[in-house]
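Residue numbers (the working numbering), protein chains in the order written: chain D, 1 to 236; chain B, 1001 to 1215; chain L, 2001 to 2281.
Watch out, some of these pointers could steer you wrong.
To be verified - Pairwise CB distance ranges, derived in the manner of DEER restraints:
hint, chain 1, residue 1, chain 2, residue 2, range
1, B, A1214, L, G2134, 51 to 61 Å
2, D, L10, B, W1055, 38 to 48 Å
3, D, P91, B, G1008, 46 to 56 Å
4, B, A1214, L, R2093, 24 to 34 Å
5, D, A113, B, V1051, 27 to 37 Å
If you're looking for bench data, these hints aren't it; they were derived computationally from the structure. Ideal placement from N, C-alpha and C gives every residue a C-beta, glycine not left out.
The chain contents come next:
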Amino acid sequence: MNAATLAERLCAYLPVLLAGAAHTLLVSAVAIVAGFVLGAVLLGLSQARGGRGLLPALVRAYVSFFRGTPLLAQLLMMFYLPSAAGVELPPLAVAMAAMAANSAAFQCEILRAGLSAVPDGQIEAALAFGIAPRQVFRYVQLPQVARAVWPAVVSEAIDVIKNSAIVSVIAVADLARSGRQIVAANFRPLEVYVTVGLSYLLMTAAVFAAGTWIARRMGKGRAISARVVNRTAIRT
Amino acid sequence: MIDFALLGELLPLFGEAALRTIALVAAAMAGGLALGFAMNAARETGLRALVGLYWAYTTVWRGVPFLVHLFIVYFGLPSAGVRLDPFDAAALTLAVYSGAYFAEIFRACWQRIPRGQIEAARCMGLTRRQVFWHIACPQALRASLPLVANQTILVMKESALASVITYPELTMTAGKVVSEQFVYVEPYVLLALSYWALAVLINRLGGWLRRYAAL
Amino acid sequence: MDIKDSTRAGPSGEVPMISLRGVGKSFGAHRVLADINLDVRAGEVVSLIGPSGSGKTTLLRCMNFLEAYDEGEVRIRGALLGYRKTPAGQLVRETERSIAEVRAPVAMVFQQFNLWPHMTVLANVTAPLTLAKGMPADQARSVALQALDRVGMAAKADAMPAALSGGQQQRVGIARALAIHPEVMLLDEPTSALDPELVDEVLEVILSLSRDGMTMVMVTHEMSFAAEVSDRVVFMEQGRIVAAGTPDQIIRRPEHPRLQAFLRPWFRRSLQGAAPAEAAA
């Protein structure tokens, strides 16, 4: 293979791949953020009334389903079942919804593990000193949970980016699909798909590096000084 | 809303597809565990080249979506002269993909062995290889069982992507029924139930293995 | 020796700091506390001793409603804790706010310190002041520094708990309790989680607080210390108060046979083998 032509070909792929990558990052970002919010909501619901009753059971069923079945199956269901009922949904919206719903289940578990990592004794001491439950959550639990779950959240973000390749199956113009389009045109599957693979690798490596850098920043600013606690507390 | 008669009719079809999914997962697990174990063993030798190989393998293979791996093997390799049928392609790709995850699991379990035990063994004249096989392996493998069981579920979920390269496992079978018979609810209900049943089966197996290993 | 005399309020008739009447608690079918009657007067130091499972820690935790007792009444300075009496005479669970009001004069020191690891030492002490009592920041800071100084930890105000030894952490825990200016301190095995060489620094602080007249209820296994610092010692077994009296009556010259059995290992260690019954009068 002529080296110069390879480089030329790679340059030709670039715009298509970049457009695809943009879609990949869009879908992933929405999935991660919406998944976090939904996951937190699910966790809150699951703690209602001490974890007993219908609502917590529903949350457990949700988490079990979305973590235990393949994302591809979930995506196909969310795409084809509405059309059976006559509702035509745009593929991009379905992709974002499915990935968010999926990620929410994982992030719910991550948050739950993070919350339970804060020793009961610390919460007990705070309540014994008359600190209100809302303040206990804000000043005792939240700071520690945030630091504890960060690595797992970064890991989940990387998984979401990788999983997003699946949405190409329902015709979303992401990075994987851009690859298929190029291959359909120039019949060079090996070099195109390897390029696509390396692009994903670049994305996941970047997210990992960013995550690690933020983790180090969080570690350095560990100390919540008396000033911060006091300054924000006076308003109560 | 759900046609239970149809569900009954589809059952054997899904049963067959489930067996194919199991076959794929089993093949991938066998290959993946062997490869992951070998990679970790290579890393344990401490030789620079092998350690580098380990990190390159685990980083690259885990950083790229499995779908892209499949495309490279099933659509890309033929142009280099290697043509694989859907099962072989899926099993091979899934084995090498999950191997990276198993390697990391084994690395974690190996590193959890208290350094004092290794020091004691080396002091008493055991070679590195003997330490690996007689001191580290028994303990680390036992510790790895829960993590391996969990990873098996993940392998099962990734196996669904084999449908994209036309291997007739569960997801592809469900898709076929939907597009051929124009029924939507029953196939997907069966699909969800099948994967859920497999997950339960894998968890049971894992529990049994753990109890067996505790002896 | 009549337990009642040793546990009830003195003849002065003043309202006891803490008063327990017929207090009982069960965890499911398991009865952890039964028929506890006890008064703690202002300025007193009361030690709770007994074997594991005797209910002493549960009893302590009922005194600030960290455990909800099932029977009887716990009163802090005369105010009923945790419950409200209906006109019909029934006990109904109180709101969190009312509970917090009633137990405001009570501060606790925990066996596992329970400091908040992501806050500095100073923040650990000011947090209850600013968050629970709404104290202004600069006032909280000076109160906190005073409390830290009282336990000898003022120099470490900006350190993180993880950088401190167990004894230092527990002293910070004591400072945190002191800073809210409590009327009574509950200490739950304050030195049990410490390495032996760190125990003394904490005991010193507790002793010094007792000399300042702080009312304290302490669960402890340190028999010599209990004998030294307490005004009264209460011996519990299987959820009941079996014996109560002065340190002399309970620890140094115990008459109750179960007490003697419980204290035998301690005697063996402290009096070089002399069994309690043979201890010199």
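Hints and how they fare:
At about 55 Å, the CB distance of B/A1214 to L/G2134 agrees with the hint of 51 to 61 Å. One distance hint, 38 to 48 Å for the beta-carbon pair D/L10 and B/W1055, is violated here, with the actual separation near 26 Å. For D/P91 and B/G1008, the hinted distance range of 46 to 56 Å is not satisfied, since their beta carbons lie about 33 Å from each other. Remark: the range hint 24 to 34 Å for B/A1214 to L/R2093 is contradicted by a beta-carbon distance near 45 Å.
Hint check: D/A113 to B/V1051, Cβ distance near 31 Å, so the stated range 27 to 37 Å holds.
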